[in-house]
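All chains should be modelled from the sequences, with the hints used to inform the complete structure.
So the protein lines, in turn, are chains A and B.
So that you can map any letter, position 332 of the first sequence is 335 in this note's numbering, and since no number is skipped, the others follow by simple counting.
So that you can map any letter, position 327 of the second sequence is 330 in this note's numbering, and since no number is skipped, the others follow by simple counting.
Hints listed in this document are in silico derivations from the structure and should not be mistaken for laboratory results.
Model, not experiment: these values are computed from the prediction.
Errors might be hidden in some of the hints.
Stated by the list, open to error - Derived coverage of chain A by chain B (criterion: at least 3 residues anywhere in the stretch with Cβ under 8 Å from a Cβ of chain B; other residues may be distant): (1) 86-97; (2) 115-124; (3) 152-159; (4) 289-295.
Quick reminder that beta carbons are idealized off the backbone N, C-alpha and C, glycines included.
Given next are the chains, with one letter for each unit.
2 protein chains.
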Amino acid sequence: MWIDNLQYANWSEKIFRQMREGRVDAVHVTIAYHENFRETVLNFEQWNRWFEQYSDLIMPAYVVADIDVARETNRTAILFGFQNPSPIEDDIGLVEIVHRLGARFMQLTYNNQSLLATGCYEAEDTGLTRMGKQVVREMNRVGLVVDMSHSADRSTIEAADYSERPIAITHANPFDWAPALRNKKDDVIQAVVQNGGMLGFSLYPHHLKDKSACTLESFCTMIARTAEKFGAQHLGIGSDLCQDQPDSIVEWMRMGRWTKETDYGEGSACAPGFPPMPTWFESNKDFGNLEKGLRTVGFNEEETAGIMGRNWYCFYESSFHAAPAEKRLLNSPPSELKKNCSA
Amino acid sequence: MWIDNLQYANWSEKIFRQMREGRVDAVHVTIAYHENFRETVLNFEQWNRWFEQYSDLIMPAYVVADIDVARETNRTAILFGFQNPSPIEDDIGLVEIVHRLGARFMQLTYNNQSLLATGCYEAEDTGLTRMGKQVVREMNRVGLVVDMSHSADRSTIEAADYSERPIAITHANPFDWAPALRNKKDDVIQAVVQNGGMLGFSLYPHHLKDKSACTLESFCTMIARTAEKFGAQHLGIGSDLCQDQPDSIVEWMRMGRWTKETDYGEGSACAPGFPPMPTWFESNKDFGNLEKGLRTVGFNEEETAGIMGRNWYCFYESSFHAAPAEKRLLNSPPSELKKNCSA
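Set out below in structure tokens:
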């Protein structure tokens, strides 16, 4: 059972075949960065066409049982997620709609301040906004996982604590291994895992020690250190593979529609594009290298199976269905909006 | 020359006739609270129909000269504004588009955190966001006035300082006269006026001392105190008149689409609706009462004329056109986004 919990490749038959060659059973694919609701629906439509066209290679997964079906039929299950809340625009009612359409993960922010929380590129972080608290509760209700991969530290800790259900950092690495703005400090990872959440390790060079030159051993040793600190059962892969994307795509990711100036994000004026991937992880075909690397640094068979996919599978199992009403009543934090008549 | 720089009435022939009876030469009307771009265009369309239907009573104003035409033809000039940046969604390119369509004021926030800045109902305020700084510069460029009436203190001060052109608080009163969350502390008013900005006094009962029971004398005495502190030339009227609106409208203003729970805003569970207006300002017909009240508390003819409309007229004159390119080059603050290759 191998699962990659974050990819944004330039999808093609070639890549879907590589998923099969690499024996990747499920991939969480990003279908929105800055797209509004209608634009996101167009992306669902595009995937529906691919599911029809490549039905021998891929199928949609809405519940964890769909991944079992995919395995039995030698296909890769595709799960949908957003790296920004832009698909719900300013409308809390769209949370249930996008879940119904198939979205299973939504970041509360990309790099900037959103209506819900603060992104990791803002100068300051006020945590969850008024709308943010309302939306997290609604995501908990319907079974849409809160993803804080691109959010600032305080916002991430507040989301982990405020959320009634476990949240995820789908694609990032520990800051103390590679001090990138996008990587996570120990207190942030701790807040996520102590609430039952997951951390998916990223293979995106800007998140790696020595960037594109990072070795498999260095990467897997980092995973071993993280397992010692936080427990291997909370760890998985979220490779952030952006295979075959032109540099215009990373410009769109960084700049969307919010600025007329160039924002280089994790890059810089002299390295504005996508960095080359490490030679040992260039496509889905290389998934097996990760398993070998994990065994080499001393993970046993069970721990390795967990990190390679089983942990995400178990997380999906408890995350994608609607929360039982009783639980909601019991666990709902007191409303921020209630006011008595003296107010 | 009488100008009301903020109304959101339930528009009708009756109200347009009352504008004429009250000799109101220009009204800045709100056409968006939570509307997205397309919904805002529908509101422009509705006004186009009213301009056609009631061409003897009202006309659109895009530049200050249109107000002169309105006066010469005994009509009321209508200016458009937004109380939220929702019409530009996440798209800085829409700033120039909405200005071209006729928008002349835009609040960077309503009550909540926006993509641009922090609203006065949030627990904390981080000031202008990354997108906020980009959008303020673009508003300066095209001639769309930054309005901070519903914004939090730090965001308002930062906007006043960061903006290359004077900004406005179109409808609020001093906090020390009526300590409402929506009213403004002296340091906030100071930041706006010292940059050449304007403060429009609100007649909305939740912003008044003694609310609906506030007297004309108390209101005008407050204006006199404010003129002593900040200078009469920075003051005008922004009545926030919501005449003939059903309570469902104030619910929409407060809750938009961001919450499934009731938010009472400035009201409360036992006073959820629109409060009754003071008896001396129930409609546009009562505009003359303000002039009498201002003279009674000792304002001279020139000061009174300024507060009743001339100050807004002069502000419009320098605010609605595109900024000269040279000025932009000279005054543009250094970009937040520039990064050298060491980054």
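Hints, one by one, checked against the model:
1. 86-97: Answer holds; 6 residues pass the 8 Å Cβ test.
2. 115-124: With 6 residues in contact (Cβ-Cβ under 8 Å with chain B), the coverage given for the region 115-124 of chain A holds.
3. 152-159: violated (count 0)
4. 289-295: violated (count 0)
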